[in-house]
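Knowing the structure of chain A, use the given hints to seat chain W on it.
Protein chains in written order, with the working numbering: chain A, 1 to 70; chain W, 1 to 272.
No lab work stands behind these hints, which were simulated from the structure alone.
None of the values given here were measured: they were computed from a predicted structure.
Glycine residues also receive a C-beta, built at the ideal position from the N, C-alpha and C atoms.
Do not take every clue at face value.
Below, computed lysine-lysine pairings styled on BS3-like, alpha-carbon distance capped at 25 Å [said to hold, decoys possible]:
1) W:LYS25 to W:LYS118
2) W:LYS22 to W:LYS209
3) A:LYS28 to W:LYS180
4) W:LYS176 to A:LYS28
5) A:LYS28 to A:LYS15
6) W:LYS100 to W:LYS209
A few chain A positions that, by computed beta-carbon distances, are all more than 10 Å from chain W [stated by the list, open to error]:
7) MET1
8) ALA10
9) LYS15
10) GLU22
11) SER25
12) GLY57
13) ASP58
Partial chain W-side listing against chain A, Cβ under 10 Å, derived [as the list claims (entries may be wrong)]:
14) GLY36
15) ALA37
16) ASP128
17) CYS172
18) PRO196
19) LYS242
Listed below are the residues making up each chain.
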Amino acid sequence: MTLTVNGKPAAIDGKVELNVTELLSVLKVEQPDYVTVELNGEILERDNFPATVVRDGDAVEFLYFMGGGR
Amino acid sequence: MLTDEQIERYSRHIILKEVGGKGQKKLLDGKVLIIGAGGLGSPIALYLAAAGVGTIGIADADCVDLSNLQRQVIHFTPDVGKAKVLSAKEKMEAINPDVKVIPYETWVSAANILEMVKEYDFVIDGTDNFAAKFLINDACVMAGKPYSHGGILSFFGQTITVLSGESACYRCIFPKPPPKDAIPTCSQAGVIGVLPGVLGTIQATEAIKFLLGKGKVLSNRLLTYDALDMRFREVALNRNPKCPICGEAPTITELVDEVDAMTVCDLEAAKG
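Just chain A, same shape as in the assembly:
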């Protein structure tokens, strides 16, 4: 399947669907415990990651904490 991840196409070979927890692992997202995930425009609750399935054509945004300013 091919997803759009942070605006770029991302092909995930051999999978037709994945849950969000698996997706974070497959894409080797750093510090997955602190990443906010938006799926097709909707921010997901962390507790729902394992039960939320992504499929071909879905748009996923990973939003990261950025705490600097000084």
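Below, chain W alone, put in the same frame as chain A:
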């Protein structure tokens, strides 16, 4: 009424159809609070003063350190050791004597922030830690004040404008702060010196547009910046009905310091 000198000083504003004499008067009557007089705060304070924003509050308890000068362009080498808010005030008044600068030589906390925020039309987050960033969000949402969030790290930045009660807030995206030390800070991870210049200038633009009532502010859109790839992206967002502060059933009903997100220095400051 603008004086002849003001007409001259602000002539490049006044000539813009979106500003004009009326808009410049709005800027001169405008009140903006900048929290943090560091990387983001420097360009914000310089540009807002130059633009003629009439009252600018600036809050920071820190003193200028030699390691600040690579990016905190409002502070100069002879300012090392001086309170950042006083160093900033001197430069802002030198740029534009029309501007009234109100320095707050303090860290913001649950005990003092609402009093500060209520005096201003627009608030800008230029802080460097999650305890402050969440506190600013919560205070602005509770007080119904619009504000600009900004965050930077290494070569990356993000910013969003929050129209409190109308558009997505910081907690709609990030319901709670990360535990302390989970996410690196600029002092740990580094920051390219020009980065806060880019992000801070965008935040200052938002304040000016808000005061003018012109254009579209960066609400319900998180703007992300990658200086290495030189790419800006926009992530569309909506208010989160489950947001702990601006959602349908808020769990945060009074202002508290996010103690778990505070570093040792923050805790010392909050006590003091």
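Right, here's what the structure says about each hint:
Using a Cα cut-off of 25 Å, the hinted pair LYS25 of chain W and LYS118 of chain W holds, with the two alpha carbons roughly 21 Å apart. Restraint check for LYS22 of chain W and LYS209 of chain W: the C-alpha separation of about 13 Å stays at or below 25 Å, so the hint holds. A hinted pair counts as satisfied when its Cα atoms are at most 25 Å apart, and LYS28 of chain A with LYS180 of chain W qualifies at roughly 23 Å. For a cut-off of 25 Å, the pair hint linking LYS176 of chain W to LYS28 of chain A stands: about 23 Å separates their Cα positions.
Distance hint between LYS28 of chain A and LYS15 of chain A is fulfilled; the C-alpha atoms sit about 16 Å from each other, no more than 25 Å. Proximity of LYS100 of chain W to LYS209 of chain W is assessed by CA-CA distance (about 20 Å); at most 25 Å being required, the pair is judged to hold. Interface exclusion of MET1 of chain A from chain W stands, the closest Cβ pair being 21 Å apart, more than 10 Å. Distance check for ALA10 of chain A against chain W: the nearest CB is about 15 Å away, which clears 10 Å, and the non-interface claim stands.
At the 10 Å boundary, the C-beta of LYS15 of chain A stays outside the reach of chain W, the nearest C-beta of that chain being 24 Å off. Under the 10 Å C-beta cut-off, the non-interface status given to GLU22 of chain A relative to chain W holds; the minimum distance is some 22 Å. With a closest Cβ-Cβ approach of about 19 Å to chain W, SER25 of chain A is found to remain outside the 10 Å limit, as its non-interface label requires. No beta-carbon of chain W comes within 10 Å of the beta-carbon of GLY57 of chain A; the shortest separation is about 17 Å.
Here ASP58 of chain A stays apart from chain W, with its beta-carbon at least about 15 Å from theirs, past the 10 Å limit. For GLY36 of chain W, the shortest C-beta to C-beta distance to chain A is roughly 5 Å, which falls under 10 Å, so the interface hint holds. Taking 10 Å as the C-beta contact cut-off toward chain A, the hint placing ALA37 of chain W at the interface holds, the least distance being around 8 Å. The closest approach between the C-beta of ASP128 of chain W and any C-beta of chain A is roughly 4 Å, which is under the 10 Å cut-off, so the hint is satisfied.
Given hint, CYS172 of chain W at the interface with chain A, holds; its Cβ is 7 Å from that chain's nearest Cβ, closer than 10 Å. Taking 10 Å as the C-beta contact cut-off toward chain A, the hint placing PRO196 of chain W at the interface holds, the least distance being around 7 Å. For LYS242 of chain W, the interface hint holds, the least distance from its beta-carbon to any beta-carbon of chain A being 7 Å, beneath 10 Å.
Taken one by one, the earlier hints all hold for this structure without exception.
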